[in-house]
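Number of protein chains: 2
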Amino acid sequence: MELVEATWRIIARRGIEGATMREIATEAGFANGALKPYFPTKDDLLSFAFAHVFNQTNARIGTVSGGLKGLAALRSFCHEILPLDAERLNEARIAIAYWQRALTDPEKAALHDRSMEQWRRELFGRLREARDAGELKGGLEDDDVVGGIMTFVLGAQITATLSPSHHSPEQLRSQLESYISLLAASGAPGAVEGRTK
Amino acid sequence: MELVEATWRIIARRGIEGATMREIATEAGFANGALKPYFPTKDDLLSFAFAHVFNQTNARIGTVSGGLKGLAALRSFCHEILPLDAERLNEARIAIAYWQRALTDPEKAALHDRSMEQWRRELFGRLREARDAGELKGGLEDDDVVGGIMTFVLGAQITATLSPSHHSPEQLRSQLESYISLLAASGAPGAVEGRTK
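In the order they appear, the protein sequences are chains B and R. For the first sequence, the positions run 1 to 197 when the UniProt record's numbering is used. For the second sequence, the positions run 1 to 197 when the UniProt record's numbering is used.
Heads up, some of the hints might be wrong.
Same chains, same label: a pair holds when it works inside one copy or across any pair of copies.
Claimed, not checked - Derived SDA-like pairs: lysine to any residue, alpha-carbon spacing no greater than 20 Å straight-line:
{"id": "1", "residue 1": "Lys42", "residue 2": "Arg22"}
{"id": "2", "residue 1": "Lys69", "residue 2": "Arg14"}
{"id": "3", "residue 1": "Lys108", "residue 2": "Arg128"}
{"id": "4", "residue 1": "Lys69", "residue 2": "Arg9"}
{"id": "5", "residue 1": "Lys42", "residue 2": "Ser174"}
{"id": "6", "residue 1": "Lys108", "residue 2": "Pro164"}
{"id": "7", "residue 1": "Lys108", "residue 2": "Gln56"}
{"id": "8", "residue 1": "Lys137", "residue 2": "Ala34"}
{"id": "9", "residue 1": "Lys108", "residue 2": "Asp43"}
{"id": "10", "residue 1": "Lys137", "residue 2": "Glu17"}
Derived by calculation from the structure, the hints in this document are not laboratory data.
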C-alpha cells in the first residue's frame with residue numbers, strides 16, 4: 001500500500017513515539033489528515049508497516065532463493081532477514097517497535113505468530129531438502145535447528161541495530177556461516193558459501 | 001533500589017505505555033507522586049528497570065556458575081539469560097521495551113552497549129577456558145561463537161515471549177544444548193548437560 005511504503009521508513013528512523021501522525025503524513029508528502037481514514041492510530045500504521053516489511057522480506061527471499069535448495073536456500077533465506085544493509089536495518093527497527101507493542105496487544109501478537117509460522121515452515125522444508133541431499137550431519141533434531149535459527153535471525157534485529165560494532169553485516173554473515181558449517185556433513189555442497197550459487 | 005524492585009514487574013506486565021506513572025506508583029503501593037522525585041519520567045524508570053534486571057541476571061549467573069568453568073559455565077551463563085521461568089519472562093519484557101527506546105535514545109543505547117560488553121567479555125573468557133580444557137572442536141573462531149551466542153540469547157527474549165509454543169523453557173534449553181554439542185570436541189566433559197555439575 002502506497003501510504004505504508006511512504007511512511008514506514010519515517011517510523012523506522014524516528015521511532016514510533018518520535019513523531020505524531022500529522023508529522024509522519026507531512027514528512028511523507030501527504031496532506032495533514034491523509035493517513036487518518038486508513039490508519040486511525042499510529043498503532044494501526046505500525047501493524048501495516050510490520051506486514052509491509054515482512055512481505056518485502058519474503059519477496060526478496062523469493063527472488064534470491066529461486067533455483068536454490070537445501071543449505072544454499074537456507075543461507076539465502078537467512079541473509080534476507082539478517083539486517084545486512086541500510087534497508088534491512090530499517091526493517092529491524094520496525095520489527096523491534098512492533099514486538100514491543102505485540103507484548104500487550106493480542107492482535108499484533110497473532111499477526112506475528114502467523115508470520116513466524118510461515119518462516120518456520122520454510123526452514124523445515126529447507127532442512128528436509130538438505131537432509132535428502134546428504135548435506136546435514138547426523139544426529140540433528142530439526143526442531144532444535146529451526147528454533148535456533150529463528151532465535152538467531154530475530155536476535156540479529158537487536159544486535160545489528162544496537163551493537164553494530166560487533167554485529168556488522170560481515171560479522172553477522174560470518175556468525176551464520178560458522179553455524180551452517182557446524183550443521184553440515186563434511187564435504188557437503190552447500191556447506192561453504194557460494195559453492196552452489 | 002526499592003522503588004525499582006517494586007515497580008519493574010508492573011511495567012513488564014502492563015507494558016511501558018500500559019500505565020501512567022501515577023498508576024504504577026499506586027499499584028506498587030506507594031503514594032501518588034512518590035516515584036516522581038527519583039524517576040521524573042517513565043523513560044527514566046525504564047532505564048532503572050533495565051539496569052535492575054541486568055544486575056539481577058548477573059547475580060544469578062554469579063550464584064549458579066560458582067566453581068564451573070568452560071562449557072559448563074557457558075551453559076549456566078546462558079540459562080540465566082534465557083527466559084526459562086516466569087521471572088525471566090518478565091525480564092524479557094523489560095528488555096524488549098528498553099531496546100525499542102534505545103533505538104532513538106543515545107543514553108539508553110550506551111547503557112545497553114556497556115551491559116552487553118560485560119557479557120561478551122564473560123563469554124570470551126568461558127570459551128578460552130573451554131579451549132584450554134580441550135572441550136572445543138578445532139576451527140572455531142571465538143568472534144563467531146560469542147557473536148552467535150549473544151544474538152541467540154537476545155533473540156530468545158523475543159521468541160520466548162512472542163512464540164512460546166515453539167520456544168518453551170524445554171525447547172530453548174534443547175536449542176542451546178544442540179548448539180553446545182556442535183561446538184564441543186567429541187567426548188568433551190562439558191559437552192553434555194549436567195556431566196560436570
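Q) Hints broken by the structure, by number, lowest first? A) When the structure is compared with the hints, numbers 2, 3, 4, 5, 8 and 10 turn out to be violated.
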